[in-house]
Amino acid sequence: MNFAGRSASLPMLGIGISTEFGVFSIPSALDMNRLRADWPQYSSFIEVGVTADLGIDEFTRDWVNRGSPLTFHFLDLNLGEPADFDECWISKTLSFLSFMKPAWICGDAGQWHFNSREPAHGFLQPPILSKISAREIADGIIALREITGYEVLPENPPGIAFIGNLHLLDFFALVCDLADTGMVLDCAHLWMYQHAMKLDPCAAFDSFPFDRVTEVHVAGGQLRQRNGFRFIEDNHGVEVLSETWEIFDETCRRAKNIRAIALEGERNSVSGILPTLRQIEITSQKYSLFKNRARG
Amino acid sequence: MVVRLSHDPAFVLLLRIDPNAACVGTGLTDEERLWLSRVDPKAFGVDEHVRRRTLDALAKTVDVPVALTMLAGDGNLLFEFFSSGFFHRAIQSGLSLSTAFCDYLAASTREGRIKDARIAPVAQLYRMMTEVMFAHASTSRPESGAIAISPHVRLGMFPEGIIELITAVKSYLSKKGDVWGDEDDEANKLIDEYTLNDNSIRPVLIERGAVAAQAIQTSYVHDLIAELLSAARRPGCTYETLLGHARELGLVSPHDHEVIKQLLVDGLIIEGS
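Chains C and D are the protein sequences, given in the same order.
If you read the first sequence in the numbering used here, its first letter stands for residue 1, the second for the next number, and so on.
If you read the second sequence in the numbering used here, its first letter stands for residue 1001, the second for the next number, and so on.
Check before you lean on any hint, since a few could be wrong.
Said to hold, decoys possible - Distance ranges between label pairs, derived from CB positions:
#: 1; chain 1: C; residue 1: ILE142; chain 2: D; residue 2: GLY1094; range: 20 to 26 Å
#: 2; chain 1: D; residue 1: LEU1264; chain 2: C; residue 2: LYS101; range: 38 to 44 Å
#: 3; chain 1: C; residue 1: ARG34; chain 2: D; residue 2: ALA1117; range: 34 to 40 Å
In short, the hints are calculated from the structure, not lab data.
The beta-carbon is built from N, C-alpha and C at its ideal position, and this holds for glycine as well.
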């Protein structure tokens, strides 16, 4: 069955929050219990960032034990490198998946670490935007889908230096086609790319297969300058750049199969992110997304 | 290439003024070099904290050599690692950065750039620790009928006093919290009191913990055990080979068999399946 057929059985998750190990234990971070109690429509699911080394924290265990929906976001797999699918990583990941039972697996399709998986090798960078690289990543997606039995949705990573001969959206269109999969479109990361390439926020949208967009990310960012060089910093702060909103709105208009929208703002206060969550909700309602949402 | 460019401003400059020299050994095609040349070089320098973050990660694994380097007043040399051949070769060749860092510290000490001579053997011991820490269980299985030293074990010859020095520095660091910061009385004691005896070289065993890969144990071992483990490192070693060595070293039955069996039980040597 092709992805269009398979995705029909994916749950409609709604609006949620991304997490990483231990973040909700930090006093200044998001009070998820308060968000869940007072604004449940904004905490319909969590997207759990996982590394094989750290595993799952107490908050996530509790979330799972309550039967609440979540997605699994790997933070340590180089999809395009077969050697990265080692026994130890696979074994640990399968045990996490067995407990978590996520709606799907997702993760930035680039390089999470250089060389082998060691503490000092962490360095997230975008993929080389070429046909060969697209093939390698697609092969990794297919392999992971077969190993785990879950849909694997690549996400466009953040970056400042992009190398290759394809536009990022053309690259991911190719990846999705070769792997027959959907994707997570990160609007903030996309603006980082468009800005770096001196393009308009919605450049190359017309040729992109938005029907494959299953999940969307929104996050805060900041325009910065260093030695006269201007770039977008992916700081996950409370301020979402206007261009990110423009990308988000246009994505929601074009993508008819969105099943989840995650705000990456877990290190901010509830009051800090409420305006952003409200805007996400308004846009999703404007385009009639989430008609049959799962309740958390 | 991007990792190297992001950590080393001098390499960014080299790429700009002499791309052929910068690309030696990278295997990049002409097309890939063209793509790289289209990136604004300033893009590689936007993350001003990348070297510190990588150094922090290295310092968690290579804590004692880093701490001793700081106490020697040579902390600036730690950052120079990212401009060294050790760093660039490790990245380009797909090797462990922790191991390359240990090699860098040992070489810098031998060259006199780092003033505390104790750092060279400590860094060499830590190099073995990183090899053991990051060894995969599936590597280095001996063939059927053969015996080999476990991939989670290393054996090295080091000056007497090295384990005591490492233990003392670790104790100091556990109270202090991290490797960075200024000297204090306890630090000065470490500098002055813990010496290495280059006239007494002893075999040291480095083992990875059974439960936690990061729990590496180091201990002095008896010369006889060291001899047997060294024999197990040689290709073609069998139980009979080791038995022969044990008898040559003076062990008689049943102790010859008992010692070898204990090495197997302890997981220091493994048999092929």
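Each hint tested on the structure:
Our hint of 20 to 26 Å for ILE142 (chain C) and GLY1094 (chain D) holds, since their Cβ atoms are close to 24 Å apart. A hinted range of 38 to 44 Å holds for the C-beta pair LEU1264 (chain D) and LYS101 (chain C), which are about 42 Å apart. As the Cβ distance of ARG34 (chain C) to ALA1117 (chain D) is approximately 57 Å, the hint placing it in 34 to 40 Å is violated.
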